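Colleague: Which chain is which? The protein sequence lines are A and B, in order. In this text, residue positions in the first sequence follow my numbering: the first is 1, and each later residue adds one. In this text, residue positions in the second sequence follow my numbering: the first is 1, and each later residue adds one.
To be clear, the hints were calculated from the coordinates, so they are not data collected in a lab. Treat the hints with care, since some could be wrong.
Stretch by stretch, here's where chain B covers chain A in the computed footprint (C-beta under 8 Å, at least three residues) [unchecked claim]:
1) 6-14
2) 18-32
3) 38-45
4) 68-76
5) 140-154
Model, not experiment: these values are computed from the prediction. Backbone N, C-alpha and C fix where the C-beta goes; we use that ideal spot for every residue, glycine too.
So you can see what is in the structure, the chains are spelled out below.
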Amino acid sequence: MEDRQREYERLIAPIEDRMMRAVWRVSRNPADTEDAFQEALLTIWKRWDRIRAHPNPHALIVHICINAAYDGLRRKTRQGKLLDESAAPEDIPDPSASSAGAISAAEQDAQVFRAIGHLPKNQARAILMHAVEEMPYSDIAAAMDCREATVRKHVARARARLRTLLAHLVPAVHKEEGSHA
Amino acid sequence: MRDKNANDAIDELIRGRIQVEVPADVEDRLRHRLMEFRARVEQRPSGRLRVLGYSLLHRPVVRVMAMSAALALAASVALVLIPTQTRVSRVFAAAAERLRSSQSLEYTIVLNAEPYVAVDFAYLAPGYRRISCSWGIEVRSDASAGKQLVLMHATRKYLVESRKQAESLANTEDIAEQLRSLPSVADEVLGEQWAGGKRLIGYRLRKAQPNTGIPGLTAFDIWIDAGTREAQRVDIAIQEEGKPVHQMQIRNIRAGAEIDRSLFDLTPPAGYTAIMAPGAKPPAGPPGSSQNQGALHVTIGYAAALAAVVMPMKGSYLQTSAALHTVEAYLKTQGIAPVGPPLGRYWSEQRWEAGYPVPPGAHVEAPFDLISLPAELTASAVVKGLWGKDSDGRWGSFFKSVIEQGYLPAGPAMEIWSGEDSKEWTQSTEMRMPVAKAN
């Protein structure tokens, strides 16, 4: 019993806040957050032995949390339930119709989430861990069980895709994109 | 460079839209999940079983058997993951059952986190109760005998009251009844905390149990040792309509421990003298005095803050007049004008003080003290007539009225003497004492 208490103290207790934050930041809805968090805990439970032996267990646990939340986000995005029931994937950004100043913060949130929800899975996870949790590439690589260079590639591709999808929300980017065109 | 700026901009956009803090209500729910998860981790089956399962899977000959074993293991894990009663709730249920079934119960109540205001409570089946207050009052009651003994240790006095009067203890007993009738399931799990090397799990009850009568109970947070499953502490919040919130903490909880029966003895200790039960024999007072007008009228309210220059004293209270003359003379030499009538404050004959209220910020030198009394909940009553007359009787009456109104003394007794020294018919005494809600 004592060992297991120590295991929890070592593996989970120091990052409880990070775990909750990671799920909430992606799910943004109390019920969805609770579901995703429970999913994450179930995964952690199943992989307990692997996590214990992992060289960077905290990164892996946060990765599991983000994955669980992202899976929920992706499900909602595919079902068209992310704020706008009628939003089709191709409708996510509409640069010609709106600008950052003209749309509400809630709508901006929705557009960002929809855009992330439509990224390939590894790109989405990598950009979320990098941009949202500000995890270094080495930690993300350890959590995703891949090389650091691969993570950099996922992040770069995710950014490129998001720059296109969300250009209208970042005027400077939009301008640069326009100058490239 | 352009790419870097573009990357920064998109990262910034995502962070700006996503980096938000978890709302408190969501955090509470997630912490609850974490706590349950922690309990499961600590109950996790031995790693050897899992190692055995994994090793079997690597042997093709027994793979089918191993898969069966794995399924059985998965089923047992599922039972742990989806328990009908979690370990956390079992801890509460066990503590509640222990409190319910114990023949004795002891604890200390501290009011509003004020160390001075502490009450030790002891219960012994079938109906013995004892309350010992930090300000020197002890009440022993025996429900079967239908009487209680009130001891005032500071003045070595006692008062024996009947069963009907003993019911005035009901508010204090409600706390005990609440503890002894906890439901099997709490309304809310508060989380965990470490205290004194023990892992405590907190549970909240949002209302008083039906068989108790604690008006205004808003939270009854009980913290239980996860190891021994014994209640360690209870944080109580009470707010009655239009009144400030009272915080109480129950500490040193001991259920089922051996209690010395002599604590409940209703025989007055040697050397104590009986005081007259208020109302039993109205003392004769001068014409127009309050004693002739009926019972002492004690009101509870917030008294204004007060600063006073006093002379610390010990020994006979007959020195009061001399002490006041000394303080008065000192104030004259300092050019300080009293802002009210003289007063005395009493802890015991070994510690009391007398003096005058003064403007705040006055400077005094030894042997005098400048005391500052905060604005606080205070019981007060004004008695017309000769200063010092029937002091024991009216203070006994005062204490009883305070207790009957659901309060307990929370500080030393004070008297403020108005009127003129040479004109008895102008004299009156205001009795004051800080109090706190009893339940």
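Colleague: Taking a Cβ-to-Cβ distance below 8 Å as contact, does the segment 140-154 of chain A have at least three residues touching chain B?
Modeller: With 0 residues in contact (Cβ-Cβ under 8 Å with chain B), the coverage given for the segment 140-154 of chain A is violated.
Colleague: For the segment 6-14 of chain A, does the count of residues with a C-beta closer than 8 Å to a C-beta of chain B reach 3?
Modeller: holds (count 3)
Colleague: Residue count check for the segment 18-32 of chain A against chain B: does it reach three with CB-CB under 8 Å?
Modeller: holds (count 9)
Colleague: Under a C-beta cut-off of less than 8 Å, do 3 or more residues of the segment 38-45 of chain A approach chain B closely enough to confirm the stated coverage?
Modeller: Our answer is that it holds, as 5 residues pass the Cβ test (under 8 Å) against chain B, meeting three.
Colleague: When I compare C-beta atoms, does the segment 68-76 of chain A have three or more residues closer than 8 Å to chain B?
Modeller: violated (count 0)
This entry does not satisfy hints 4 and 5, going by the numbered hints stated previously.
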